[in-house]
Amino acid sequence: MAEIRIENLNKTYGAFTAVRDSGLTVRDGEFFVMLGPSGCGKTTTLRLIAGLEFPSYGRIFLDGEDVTANPGSKRDIAFVFQLFALYPHMNVEKNLSFPLRVQHLPRRVIRDKVAEVANMLRITHLLKSPVGALSSGDRQRVALGRALVREAKAFLMDEPLGALDAEFRDLMCGELRQLHDRVRATTVYVTHDQVEAMSMADRICIMDRGEILQVGSPLEVYARPATRFVAGFIGSPSMNFLPAKGGLPAGADCIEVAGGRVQIPRLIDALPGDQALVGVRPEHLSLSDDGALRGRIFAVEYMGAKQLLTVDTACGRLRLKAGNRVKAAVGDNVGLNFARDSLIVFDAGTGVAVKSALHDQRGQPAGHA
Amino acid sequence: MAAHGNSAASAPSAAPRRLATGAAAAAVIAYALITLIPLLWIFVTGFKSPPDSISYPPKVIYRPTLEGYVNLFTARSRQTREYIDSLGPAATWYDRLARKRNMVITGPSRFAGRYMNSVIIGFGSTFLAVFLGTLAAYGFSRFRVPLKDDLLFFILSTRMMPPIAVAIPIFLMYRKLGLSDTALGMILLYTAVNVSLAVWLLKGFVDEIPREYEEAAIIDGYSRMQAFVKVVLPQMRAGIAATAIFCLIFAWNEYAFALLLTSGEAQTAPPFIPVIIGEGGLDWPAVAAGTTLFLLPIITFTVLLRNQLLRGITFGAIRK
Numbered sequence: 017m018a019e020i021r022i023e024n025l026n027k028t029y030g031a032f033t034a035v036r037d038s039g040l041t042v043r044d045g046e047f048f049v050m051l052g053p054s055g056c057g058k059t060t061t062l063r064l065i066a067g068l069e070f071p072s073y074g075r076i077f078l079d080g081e082d083v084t085a086n087p088g089s090k091r092d093i094a095f096v097f098q099l100f101a102l103y104p105h106m107n108v109e110k111n112l113s114f115p116l117r118v119q120h121l122p123r124r125v126i127r128d129k130v131a132e133v134a135n136m137l138r139i140t141h142l143l144k145s146p147v148g149a150l151s152s153g154d155r156q157r158v159a160l161g162r163a164l165v166r167e168a169k170a171f172l173m174d175e176p177l178g179a180l181d182a183e184f185r186d187l188m189c190g191e192l193r194q195l196h197d198r199v200r201a202t203t204v205y206v207t208h209d210q211v212e213a214m215s216m217a218d219r220i221c222i223m224d225r226g227e228i229l230q231v232g233s234p235l236e237v238y239a240r241p242a243t244r245f246v247a248g249f250i251g252s253p254s255m256n257f258l259p260a261k262g263g264l265p266a267g268a269d270c271i272e273v274a275g276g277r278v279q280i281p282r283l284i285d286a287l288p289g290d291q292a293l294v295g296v297r298p299e300h301l302s303l304s305d306d307g308a309l310r311g312r313i314f315a316v317e318y319m320g321a322k323q324l325l326t327v328d329t330a331c332g333r334l335r336l337k338a339g340n341r342v343k344a345a346v347g348d349n350v351g352l353n354f355a356r357d358s359l360i361v362f363d364a365g366t367g368v369a370v371k372s373a374l375h376d377q378r379g380q381p382a383g384h385a
Numbered sequence: 017m018a019a020h021g022n023s024a025a026s027a028p029s030a031a032p033r034r035l036a037t038g039a040a041a042a043a044v045i046a047y048a049l050i051t052l053i054p055l056l057w058i059f060v061t062g063f064k065s066p067p068d069s070i071s072y073p074p075k076v077i078y079r080p081t082l083e084g085y086v087n088l089f090t091a092r093s094r095q096t097r098e099y100i101d102s103l104g105p106a107a108t109w110y111d112r113l114a115r116k117r118n119m120v121i122t123g124p125s126r127f128a129g130r131y132m133n134s135v136i137i138g139f140g141s142t143f144l145a146v147f148l149g150t151l152a153a154y155g156f157s158r159f160r161v162p163l164k165d166d167l168l169f170f171i172l173s174t175r176m177m178p179p180i181a182v183a184i185p186i187f188l189m190y191r192k193l194g195l196s197d198t199a200l201g202m203i204l205l206y207t208a209v210n211v212s213l214a215v216w217l218l219k220g221f222v223d224e225i226p227r228e229y230e231e232a233a234i235i236d237g238y239s240r241m242q243a244f245v246k247v248v249l250p251q252m253r254a255g256i257a258a259t260a261i262f263c264l265i266f267a268w269n270e271y272a273f274a275l276l277l278t279s280g281e282a283q284t285a286p287p288f289i290p291v292i293i294g295e296g297g298l299d300w301p302a303v304a305a306g307t308t309l310f311l312l313p314i315i316t317f318t319v320l321l322r323n324q325l326l327r328g329i330t331f332g333a334i335r336k
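Protein chains in written order, with this note's numbering: chain A, 17 to 385; chain B, 17 to 336.
These are calculated hints, taken from the structure and not from any lab test. The model shown is predicted, which means the values in this text are computed figures rather than measured ones.
Derived lysine-lysine pairs resembling BS3-like cross-links, with alpha carbons at most 30 Å apart: (1) A/Lys169 <-> B/Lys246; (2) B/Lys246 <-> B/Lys164; (3) A/Lys129 <-> A/Lys90; (4) A/Lys144 <-> A/Lys169; (5) A/Lys169 <-> A/Lys110; (6) B/Lys246 <-> A/Lys129; (7) B/Lys246 <-> A/Lys110; (8) A/Lys261 <-> A/Lys371; (9) A/Lys110 <-> A/Lys129; (10) A/Lys337 <-> A/Lys322; (11) B/Lys246 <-> A/Lys90; (12) B/Lys116 <-> B/Lys75; (13) A/Lys322 <-> A/Lys343; (14) A/Lys144 <-> B/Lys246; (15) A/Lys129 <-> A/Lys169.
Not the full set, but computed from the structure, chain A residues with beta-carbon under 7 Å of chain B: (16) Ala101; (17) Pro115; (18) Val118.
Where is the CB? At the ideal position from N, CA and C, for every residue including glycine.
With the hints as extra help, turn the sequences into a complete structure.
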């Protein structure tokens with residue numbers, strides 16, 4: 017098992033930059049998820065780490081060793097492909113033993129290792145089946161098995177659950193995390209599904225347009241997103257952004273939103289630009305008659321434990337999560353209250369979050385409703 | 017139409033549909049029979065005696081004889097009855113057959129040698145074309161080749177005129193290079209003609225194989241060449257089989273170049289068979305026998321590979 021470190025990684029295809037100045041460290045034994053919309057460069061980064069592509073610039077270290085110039089076959093890394101890439105002309109057993117056969121291990125050792133992995137993944141009864149006859153879940157297991165059997169330095173997974181149907185995905189999500197807890201292998205997992213990312217990751221790296229925007233625990237990236245993009249990408253329904261007046265000095269603790277004043281966590285840095293955005297998650301808004309902002313309910317979605325309200329305000333259409341007992345009907349005039357400790361202020365020009373008291377409360381999510 | 021018509025209309029439409037299927041089958045069978053009649057006639061003629069083969073009206077009922085095959089494989093000379101009688105009893109059935117027509121077998125004919133030439137040149141050029149084609153197709157499919165499209169077009173363009181159009185330059189070239197009437201020359205020529213077909217056909221097959229398989233194999237610790245051999249080649253089997261048959265059929269049946277460039281040593285069967293001379297003209301039963309034997313390898317090859325071929329010709333449409 018090993019630590020993966022990338023420095024200054026760049027990958028360009030002609031005029032297109034797939035990965036820009038990426039640097040990050042995946043810790044030994046960590047379950048690291050790279051999250052972002054399609055085309056954000058997460059898969060390219062993964063393929064660069066695997067040695068399936070080579071960087072235009074920058075370096076890759078595996079366990080401290082510079083492997084930038086090594087081809088994939090020399091990196092001792094296992095890769096699970098999105099569509100599994102099980103060799104169709106081999107049965108399950110041959111697929112599992114394929115990575116071992118190149119190492120010229122004794123036949124007995126190979127058999128034992130295959131049996132062990134098959135047992136761990138509960139596919140022993142399938143060993144003699146052709147891969148074409150497997151269900152997608154079993155294919156997934158065989159693909160994982162082929163990665164596990166070699167005891168590689170790290171596992172790279174490119175949306176391995178993307179090809180499964182939703183019901184099965186949840187199940188495999190759990191299995192995958194359990195498997196990781198058992199094997200403790202350094203894992204880099206690429207997905208565009210934030211639910212997968214949040215539920216499995218030790219740490220998440222969010223990318224957009226080839227750039228790494230933030231690396232942090234699921235809790236960190238949720239509670240303290242570094243940029244407006246991260247804030248909007250993570251969380252469902254997504255964060256509300258209210259235009260606000262900027263030009264705040266360090267130490268300010270309220271901001272002007274639609275003519276009213278809203279309390280915010282005390283700013284540590286100043287906000288020089290005159291346009292700002294206040295980010296507030298749906299669960300950090302509540303109905304209150306003396307709320308700072310008034311609006312009219314546009315839609316009510318009852319979701320069992322919660323209800324999701326859409327409110328038209330002077331700041332646009334906002335969504336909020338309210339308890340299922342709150343009385344709300346379409347057309348009602350309501351006031352909105354902000355959970356002060358959880359608000360984030362973004363520079364509207366750059367989209368970067370302004371450092372505030374919120375960022376000081378390491379590890380403690382502020383005001384979870 | 018199928019969507020809403022299916023369940024409601026299934027009962028009344030079943031009968032007409034069966035009728036349509038029957039008509040289609042009948043048409044196919046009729047077509048097959050019509051195309052098979054010449055082949056059947058050749059096969060049948062191979063077992064006729066020379067007089068039967070040219071009788072008019074043609075004989076459908078006749079005494080089958082192996083004379084055609086004997087004549088195909090042997091050289092004979094006509095002798096007087098007295099001389100033949102002085103030889104003592106015929107040693108073998110084919111001696112006896114020849115002596116009935118006052119002939120003595122003087123040795124083997126050149127047919128076996130010509131046939132072997134066809135085998136060597138046909139299979140040799142097919143192997144070379146498919147081998148080169150596979151590598152080229154893989155390269156074109158997987159790597160960034162400078163001027164890829166132009167190169168592919170250039171390769172295809174060699175097929176745009178009938179090969180025989182370049183017969184005279186090739187004839188002169190081959191004479192200069194000493195390749196005239198050599199098996200090597202013919203193998204190179206047929207390979208050159210077939211390789212463009214092979215590259216284009218095989219590239220289609222390689223394109224259909226997801227790269228992930230090779231990438232998985234490379235990650236698993238195999239070199240690219242090993243990945244190609246262990247993972248890509250097995251999946252190209254159907255494509256290679258289909259391509260090989262197309263190449264073999266061309267090389268095997270090629271007549272014009274063979275006639276022009278080979279006369280002795282390296283002559284293939286196609287220019288040889290039609291000019292098997294018997295007494296008083298062409299020896300039709302021998303020609304038919306030679307043609308029958310000439311058809312066998314292709315038929316066998318095709319039957320053996322028919323499953324691969326079917327999958328190959330549909331160009332992976334069945335593949336998941």
